[in-house]
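Chain by chain, the residues run as shown.
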Amino acid sequence: MLSRATLKAKTLPLKDVAILLVAEENAYKAAHLPRLPYVASESHRIASCARQGTGVSNVTIMSGNTIASEVSHSMASSNVVHLACHGVQDGSNALSSGFCLSDQRLSISDIMELNIENGFLAFLSACETAKGDHKQPDQTVHLVSAMLFAGFSNVIATMW
Amino acid sequence: MNRAMRDSDGPVVAQAFYEHLFSHEILDSNAVAFALDHAVTTLREQGAGPERWATFIHIGA
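Chains A and B, in that order, are what the protein sequence lines are.
Under the numbering used here, residue 160 is the last one in the first sequence; the count climbs by one each step, no gaps.
Under the numbering used here, residue 61 is the last one in the second sequence; the count climbs by one each step, no gaps.
Derived from the structure by calculation, the hints contain no laboratory data.
All the pointers check out, no bait thrown in.
For lysine to aspartate or glutamate, the following DMTMM-like pairs were computed, each having C-alpha atoms within a straight-line distance of at most 25 Å:
(1) K29/A / D7/B
(2) K10/A / E113/A
(3) K10/A / E19/B
Please read these numbers as outputs of a predicted model, since none were measured by experiment.
Please work from the sequences and hints to get the whole structure.
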């Protein structure tokens, strides 16, 4: 799986960038996580960066009321994905770790089913996206590996 | 120590990162790594401690 990710084209002309910006201020209720007042401005700042004469024209913003199935569907047709939301590393079941969207978690198991043909970069602007599992420190099942498996060749993440 | 990425750092890091990234005509893994370095340096220059800037990592090639 990882070798498949490294076999992909390692360059991406700026004019071919299709960027998906996901921002979720309010995680689903059962997650009991605090509001993230800055995520919406984060995605708008990126969108204006992209539109300032860079040649990037394909910009999709999903901000607020994000539905996990819609996000994963849009991810499949993007080559750059930026996620600004809560992230959770599930200590008891690493595969249910995920991004806390408006309806539910977009989990590692959901992401691993995706096959993103032209994935270039995933920026996981969320907590605990590269934290890993306490019980299995040698088995790096975290959101970064899920994104690499799904087909993104570069992943930016947070260790805490 | 606050054990989480700070919400208000997101826009700062993201803006510095994408401004740098989109200044290239063709993106490659080097461009991604240098853009992250630039973004983290920006955060450090604003006075953020290591608990805030050291959490950001780049994996992949």
